[in-house]
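Build out the structure end to end from the sequences listed, making use of the hints.
Going by our numbering, 79 is the number at position 79 of the sequence shown; the sequence numbering is gapless.
Treat the hints as calculated values from the structure; they're not laboratory data.
Ideal Cβ positions, reconstructed from N, Cα and C, are used throughout, including at glycine.
Warning: the hint list may mix true and false statements.
Simulated restraints, written as ranges between beta carbons of each label pair [unchecked claim]:
| hint | residue 1 | residue 2 | range |
| --- | --- | --- | --- |
| 1 | 62 | 159 | 51 to 57 Å |
| 2 | 151 | 109 | 16 to 22 Å |
| 3 | 100 | 58 | 35 to 41 Å |
| 4 | 156 | 68 | 49 to 55 Å |
| 5 | 92 | 55 | 44 to 50 Å |
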Amino acid sequence: MAVAPSKLLLQRPLCGRRFGGIAISQEVPTMLFTSSMGKGIAIPLSSIRSAEAVTGGDWQVVTKDGDTHVFSKIDWELWLETTPTSSWPAQPGTYLIAPEREANDRQFWKTAVVGWMINLEGNVRPVVTDPDGLSKEWHVLHPDGRVEASDGVSWDTVTEWRDAMLG
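Below is the structure:
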């Protein structure tokens with residue numbers, strides 16, 4: 001994962017600004033969420049005065065009202081990874097797939113890719129219907145039958161991919 005800047009000034013609109021080395025070409029979502037440390041806090045981006053890395057990799061966010069919230073490094077990186085700067089629809093018939101390693105009949109799990117996004121770090125990521133389906137490593141089954149992994153490796157058919165995954 002790319003290293004985030006040590007201090008960010010977040011102001012609306014973000015469109016046309018640079019964030020973490022990425023030029024923001026479209027408006028980003030209006031909330032910054034935290035789950036583990038902030039216990040479900042949602043902060044509108046328009047109310048954030050600054051965000052700064054603190055000791056241990058956590059991030060401290062100060063609102064325009066002077067309130068301070070701490071985001072864990074994991075929450076901050078998740079926000080960078082999952083916040084789109086732009087998005088577009090996927091071609092129908094595009095799926096995220098994973099081998100079912102315990103199944104004897106060599107089946108695989110799949111969920112529909114409804115779109116694609118560019119996140120705040122500039123990476124292209126699939127937008128899926130199953131929120132738990134997008135893990136660190138993922139494989140996309142394209143409508144033409146090709147399978148492509150998140151690391152760039154690809155197979156011409158799902159059979160070749162399944163053979164490579166399950167041996």
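Structure-based check of each hint:
no., hint, result
1, 62 with 159: 51 to 57 Å, "holds (54 Å)"
2, 151 with 109: 16 to 22 Å, "holds (19 Å)"
3, 100 with 58: 35 to 41 Å, "holds (37 Å)"
4, 156 with 68: 49 to 55 Å, "holds (53 Å)"
5, 92 with 55: 44 to 50 Å, "holds (48 Å)"
Of the numbered hints listed earlier, not one is contradicted by the structure.
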